[in-house]
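**Q** Residues per chain are reported as follows:
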Amino acid sequence: GQPGLRSNEVKKEWWHINKIKPYSTDLKSKKLSTVKVKGNSFVDESGNVIVFKGVSISDPDKLIKDGHWNKRHFEVIKSWGANIIRIPVHPIALHQRGIEEYVKILDEAVTWCTDLNIYVIIDWHSIGNLHTEVLAHDMHNTTQKETFNFWRTIAAHYKGNSTVAFYELFNEPTTYDGQYGTCTWDEWKLLMEQVIDIIYAHDRNKIPLVAGFNWAYDLTPVRNNPIAREGIAYVTHPYPGKRAVPREPKWEEDFGFVADKYPVIATEIGFMKDDEDKNLVDDGVYGPSIMNYFHKKGISWVVWVFDPVWVPQMIKSWNYEPTDQGIFFRNVMQGKFKYSK
Amino acid sequence: GQPGLRSNEVKKEWWHINKIKPYSTDLKSKKLSTVKVKGNSFVDESGNVIVFKGVSISDPDKLIKDGHWNKRHFEVIKSWGANIIRIPVHPIALHQRGIEEYVKILDEAVTWCTDLNIYVIIDWHSIGNLHTEVLAHDMHNTTQKETFNFWRTIAAHYKGNSTVAFYELFNEPTTYDGQYGTCTWDEWKLLMEQVIDIIYAHDRNKIPLVAGFNWAYDLTPVRNNPIAREGIAYVTHPYPGKRAVPREPKWEEDFGFVADKYPVIATEIGFMKDDEDKNLVDDGVYGPSIMNYFHKKGISWVVWVFDPVWVPQMIKSWNYEPTDQGIFFRNVMQGKFKYSK
Amino acid sequence: GQPGLRSNEVKKEWWHINKIKPYSTDLKSKKLSTVKVKGNSFVDESGNVIVFKGVSISDPDKLIKDGHWNKRHFEVIKSWGANIIRIPVHPIALHQRGIEEYVKILDEAVTWCTDLNIYVIIDWHSIGNLHTEVLAHDMHNTTQKETFNFWRTIAAHYKGNSTVAFYELFNEPTTYDGQYGTCTWDEWKLLMEQVIDIIYAHDRNKIPLVAGFNWAYDLTPVRNNPIAREGIAYVTHPYPGKRAVPREPKWEEDFGFVADKYPVIATEIGFMKDDEDKNLVDDGVYGPSIMNYFHKKGISWVVWVFDPVWVPQMIKSWNYEPTDQGIFFRNVMQGKFKYSK
Ligand SMILES: [Mg+2]
Ligand SMILES: [Mg+2]
Ligand SMILES: [Mg+2]
Ligand SMILES: [Mg+2]
Ligand SMILES: [Mg+2]
Numbered sequence: 060g061q062p063g064l065r066s067n068e069v070k071k072e073w074w075h076i077n078k079i080k081p082y083s084t085d086l087k088s089k090k091l092s093t094v095k096v097k098g099n100s101f102v103d104e105s106g107n108v109i110v111f112k113g114v115s116i117s118d119p120d121k122l123i124k125d126g127h128w129n130k131r132h133f134e135v136i137k138s139w140g141a142n143i144i145r146i147p148v149h150p151i152a153l154h155q156r157g158i159e160e161y162v163k164i165l166d167e168a169v170t171w172c173t174d175l176n177i178y179v180i181i182d183w184h185s186i187g188n189l190h191t192e193v194l195a196h197d198m199h200n201t202t203q204k205e206t207f208n209f210w211r212t213i214a215a216h217y218k219g220n221s222t223v224a225f226y227e228l229f230n231e232p233t234t235y236d237g238q239y240g241t242c243t244w245d246e247w248k249l250l251m252e253q254v255i256d257i258i259y260a261h262d263r264n265k266i267p268l269v270a271g272f273n274w275a276y277d278l279t280p281v282r283n284n285p286i287a288r289e290g291i292a293y294v295t296h297p298y299p300g301k302r303a304v305p306r307e308p309k310w311e312e313d314f315g316f317v318a319d320k321y322p323v324i325a326t327e328i329g330f331m332k333d334d335e336d337k338n339l340v341d342d343g344v345y346g347p348s349i350m351n352y353f354h355k356k357g358i359s360w361v362v363w364v365f366d367p368v369w370v371p372q373m374i375k376s377w378n379y380e381p382t383d384q385g386i387f388f389r390n391v392m393q394g395k396f397k398y399s400k
Numbered sequence: 060g061q062p063g064l065r066s067n068e069v070k071k072e073w074w075h076i077n078k079i080k081p082y083s084t085d086l087k088s089k090k091l092s093t094v095k096v097k098g099n100s101f102v103d104e105s106g107n108v109i110v111f112k113g114v115s116i117s118d119p120d121k122l123i124k125d126g127h128w129n130k131r132h133f134e135v136i137k138s139w140g141a142n143i144i145r146i147p148v149h150p151i152a153l154h155q156r157g158i159e160e161y162v163k164i165l166d167e168a169v170t171w172c173t174d175l176n177i178y179v180i181i182d183w184h185s186i187g188n189l190h191t192e193v194l195a196h197d198m199h200n201t202t203q204k205e206t207f208n209f210w211r212t213i214a215a216h217y218k219g220n221s222t223v224a225f226y227e228l229f230n231e232p233t234t235y236d237g238q239y240g241t242c243t244w245d246e247w248k249l250l251m252e253q254v255i256d257i258i259y260a261h262d263r264n265k266i267p268l269v270a271g272f273n274w275a276y277d278l279t280p281v282r283n284n285p286i287a288r289e290g291i292a293y294v295t296h297p298y299p300g301k302r303a304v305p306r307e308p309k310w311e312e313d314f315g316f317v318a319d320k321y322p323v324i325a326t327e328i329g330f331m332k333d334d335e336d337k338n339l340v341d342d343g344v345y346g347p348s349i350m351n352y353f354h355k356k357g358i359s360w361v362v363w364v365f366d367p368v369w370v371p372q373m374i375k376s377w378n379y380e381p382t383d384q385g386i387f388f389r390n391v392m393q394g395k396f397k398y399s400k
Numbered sequence: 060g061q062p063g064l065r066s067n068e069v070k071k072e073w074w075h076i077n078k079i080k081p082y083s084t085d086l087k088s089k090k091l092s093t094v095k096v097k098g099n100s101f102v103d104e105s106g107n108v109i110v111f112k113g114v115s116i117s118d119p120d121k122l123i124k125d126g127h128w129n130k131r132h133f134e135v136i137k138s139w140g141a142n143i144i145r146i147p148v149h150p151i152a153l154h155q156r157g158i159e160e161y162v163k164i165l166d167e168a169v170t171w172c173t174d175l176n177i178y179v180i181i182d183w184h185s186i187g188n189l190h191t192e193v194l195a196h197d198m199h200n201t202t203q204k205e206t207f208n209f210w211r212t213i214a215a216h217y218k219g220n221s222t223v224a225f226y227e228l229f230n231e232p233t234t235y236d237g238q239y240g241t242c243t244w245d246e247w248k249l250l251m252e253q254v255i256d257i258i259y260a261h262d263r264n265k266i267p268l269v270a271g272f273n274w275a276y277d278l279t280p281v282r283n284n285p286i287a288r289e290g291i292a293y294v295t296h297p298y299p300g301k302r303a304v305p306r307e308p309k310w311e312e313d314f315g316f317v318a319d320k321y322p323v324i325a326t327e328i329g330f331m332k333d334d335e336d337k338n339l340v341d342d343g344v345y346g347p348s349i350m351n352y353f354h355k356k357g358i359s360w361v362v363w364v365f366d367p368v369w370v371p372q373m374i375k376s377w378n379y380e381p382t383d384q385g386i387f388f389r390n391v392m393q394g395k396f397k398y399s400k
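Heads up: the sequence lines are chains A, B and C, in that order.
First residue of the first sequence? That's 60 in our numbering, and the numbers climb one at a time after it.
First residue of the second sequence? That's 60 in our numbering, and the numbers climb one at a time after it.
First residue of the third sequence? That's 60 in our numbering, and the numbers climb one at a time after it.
None of these hints come from the bench; they were simulated from the model.
Treat the hints with care, as some may be off.
Which copy is meant is left open, because identical chains are indistinguishable; a pair holds if it fits in one copy or across any two.
Here are the simulated DMTMM-like cross-link-like pairs (lysine to aspartate or glutamate), alpha carbons at most 20 Å apart as the crow flies [unchecked claim]:
1. K80 / E335
2. K87 / D174
3. K204 / E246
4. K309 / D85
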């Protein structure tokens with residue numbers, strides 16, 4: 060028995076259902092070509108292979124507080140040559156605004172991106188161990204229940220929209236060497252398959268993105284025990300600190316081999332000078348070598364982060380002057396980088 | 060070490076335990092005959108078989124807000140011929156009032172029903188997938204933890220009271236074709252057995268009611284894998300839209316066969332004209348056919364819902380004028396319906 | 060991608076990480092000898108066996124509200140002869156103050172105890188079934204997630220501090236004869252091993268304390284199925300009401316046999332006259348017999364509770380006049396008790 064709703068009733072009590080409505084898909088409105096997985100590639104409706112190159116913005120909640128949540132922000136990113144934008148949704152921001160309001164904010168991004176021909180990744184930006192529900196920091200705090208419900212709401216809302224092409228199920232899984240408790244690959248795989256099933260029950264035209272352990276770096280378990288669902292892609296975050304130069308042989312072992320069989324997208328890469336975080340420090344080799352490696356392997360990529368404060372920054376300030384990595388990756392996105400043979 | 064409480068202490072800090080007291084059972088007060096399961100029937104203390112016929116009220120929280128939480132409401136239901144009333148407790152209403160206050164409200168209903176010789180079903184009125192904790196709407200939102208704790212509190216409180224004869228553990232289990240995630244029958248069975256164990260550890264004189272999937276319609280898994288606990292009954296909600304005419308052969312396959320071995324109670328049935336919800340729309344055949352089918356099978360039933368707003372309504376307004384289904388089911392409860400041979 | 064923090068930024072939004080800092084360990088500051096498990100004993104860094112004898116204080120939150128959270132309180136305990144103090148952290152007190160504030164309060168105790176040469180047990184003072192998350196009363200209400208996160212925060216904070224020698228993972232596990240749902244020893248063991256793994260990933264120099272069922276009385280499953288982790292000790296709470304006189308043979312079966320193989324610490328014992336709680340009532344035999352039994356077995360112990368209100372009390376009022384059990388256990392701690400041969 061589900062309490063009904065007569066149209067002449069005042070809709071204010073809890074028994075008047077107030078579901079989030081689907082993103083409006085006006086039949087006459089513009090629609091990007093739906094992206095699908097084919098073999099180890101992403102393809103559009105005509106079967107053309109797409110390699111995605113773009114950036115992560117900061118959390119929309121931050122951009123609103125910064126006064127820069129506007130189409131101009133997305134236009135600048137487009138002018139840098141990106142064909143994809145990743146939107147990180149931090150659990151704490153969702154808690155503070157509520158899902159109804161947060162979805163309206165995402166809708167603005169989706170509308171701007173549709174207009175600009177940019178695809179969107181919605182990224183559930185938690186870090187830690189979802190199995191034990193020990194997450195890295197307050198901003199990442201969530202539960203399995205909330206994660207399931209988040210994706211159910213998002214999947215229902217963007218069904219039929221092709222700009223939102225990717226759902227990144229959980230940003231960076233890690234047990235922090237056991238500090239967040241243990242999680243086996245089978246336990247992680249089960250959680251991801253549960254989320255994928257929820258998404259696919261709503262919408263088969265989205266590509267779920269699944270990361271591995273070590274803060275989304277390590278995909279070695281995929282060799283023997285891949286996620287048992289079709290149409291997905293794998294994620295890696297190969298920051299400079301993960302491996303020493305020469306990195307290519309390790310990248311191949313750690314995640315690159317997956318790209319021979321499944322689509323892979325590095326949803327975070329980046330570097331900076333002089334940071335306390337050794338993981339991010341540039342050695343002068345990282346940028347060109349990873350661009351060449353991805354090019355050879357057909358791996359898509361997204362730079363972290365198009366923000367003047369969050370590190371490693373792509374812009375120096377709100378006049379959008381690029382940082383070193385901003386200049387480097389903008390050149391690549393604009394086709395000005397010369398790949399090695 | 061459990062902090063104690065000396066009688067001369069001011070009872071205000073968290074270490075002064077404030078447990079909910081049991082429903083007061085004055086030894087001289089009236090007591091209905093305790094209902095038990097015997098074979099596939101409900102029987103009273105004398106062994107007489109009881110077939111229950113009654114109605115669901117709306118959530119007590121709504122009736123209070125409507126200004127109709129009073130004995131009169133229950134007297135009208137009695138005058139219609141009901142021998143049972145189902146009380147749906149929506150998780151959201153419990154959250155808003157708190158368990159202490161909500162139990163006091165339930166106590167009023169129990170006292171009125173004892174006086175009127177009407178048995179009570181307390182119904183944990185959630186809808187969705189309790190395994191993944193993805194529930195249908197905000198009003199149904201709960202957790203396994205809360206569900207266990209709700210039944211523990213209720214079971215402790217009504218121990219020794221015989222008016223409260225049934226505990227409906229979870230209103231309508233459904234995965235919504237996977238939109239709420241997956242749940243196997245074994246997973247559901249385990250959850251139900253955990254709840255039953257909590258109830259039975261407090262009180263063996265209550266009858267737990269267990270529903271199947273498809274919004275409490277489908278009991279087919281009971282054939283090979285029944286709930287492994289004695290003294291329970293099964294629930295079905297066979298609304299008109301579940302099956303096309305002739306429905307009887309399907310009812311038999313879907314839930315009726317269970318009634319040959321266990322007691323079955325259809326805790327929701329009902330119909331209406333012209334609703335948007337196809338599930339509820341009357342075809343003129345539904346009412347008489349389901350009454351005849353239940354009669355033949357000895358299945359108890361409860362009509363949804365004795366409210367002028369929630370659908371399908373049994374009353375048109377607060378003057379208690381019956382709707383079409385109100386007239387129909389009132390006639391049956393009052394013995395004015397002629398069963399077919 | 061974890062939002063970074065530039066030193067010139069205003070730290071006020073959620074993306075400015077505000078982690079709890081480690082307990083400051085000034086290299087010049089005093090440090091107690093680190094306690095370790097060796098065989099079935101606790102030993103200091105020189106290999107000397109330590110038998111712990113001390114008291115539980117009440118929850119620091121209560122002592123603050125009572126106006127007695129000060130070093131004097133700990134000095135009195137020291138003057139009674141204790142070499143250990145157990146600090147019970149009730150989940151409700153943690154919820155009310157928040158972990159950041161609560162840790163600062165614990166730090167004060169740790170500093171006072173270091174100065175007084177008293178070791179500390181931090182005790183997660185919940186009661187009930189952590190597997191089903193049905194806990195005894197509001198004050199004990201918690202989840203597996205919160206329990207994991209509590210220990211992760213505490214373990215990170217006190218890494219390198221040797222005054223905090225013991226982590227009592229969960230005060231009193233019990234299903235209350237099924238009223239809190241079921242929990243097998245394997246389920247309980249798994250939970251405890253998960254918590255131990257979180258602690259050990261931070262700090263191998265702490266001793267996790269694991270209790271058995273029946274409100275931390277019963278350790279019989281340890282015989283065949285011990286916790287599969289090194290360096291831990293077991294807990295029992297053998298209050299008078301658990302067994303009838305002569306208790307020694309039952310104690311041996313119920314928990315004493317464990318002390319032949321692993322360290323055992325009775326983190327709660329105590330008695331009183333004329334209480335409603337039969338579990339605590341003194342029969343004149345309990346005190347001497349349990350002291351002799353522990354002495355023979357090398358079992359450490361902690362009396363519940365150094366408070367004038369919580370029962371059984373050790374002090375009559377805030378002038379610290381001892382109760383009967385206060386006098387008795389003070390004598391033992393001060394070496395004035397004559398053990399039988
Ligand atoms: Mg229904
Ligand atoms: Mg695990
Ligand atoms: Mg105790
Ligand atoms: Mg990262
Ligand atoms: Mg269990």
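**Q** Indicate, hint by hint, whether the structure satisfies it.
**A** Results of checking the hints against the structure:
1. For the identical chains of this complex, K80 and E335 are inter-copy neighbours only, at 18 Å across copies versus 44 Å inside a copy, given an alpha-carbon limit of 20 Å.
2. Only within a single protomer do K87 and D174 lie at most 20 Å apart by alpha-carbon distance; the minimum there is 13 Å, versus 64 Å between protomers.
3. Taking the closest pair of Cα atoms, K204 and E246 come within 20 Å of each other both inside a single copy (15 Å) and across two copies (16 Å).
4. In this assembly of identical chains, the alpha carbons of K309 and D85 never lie at most 20 Å apart, being 48 Å within a copy and 41 Å across copies at closest.
The earlier numbered hint that this structure contradicts is number 4, and it is the only one.
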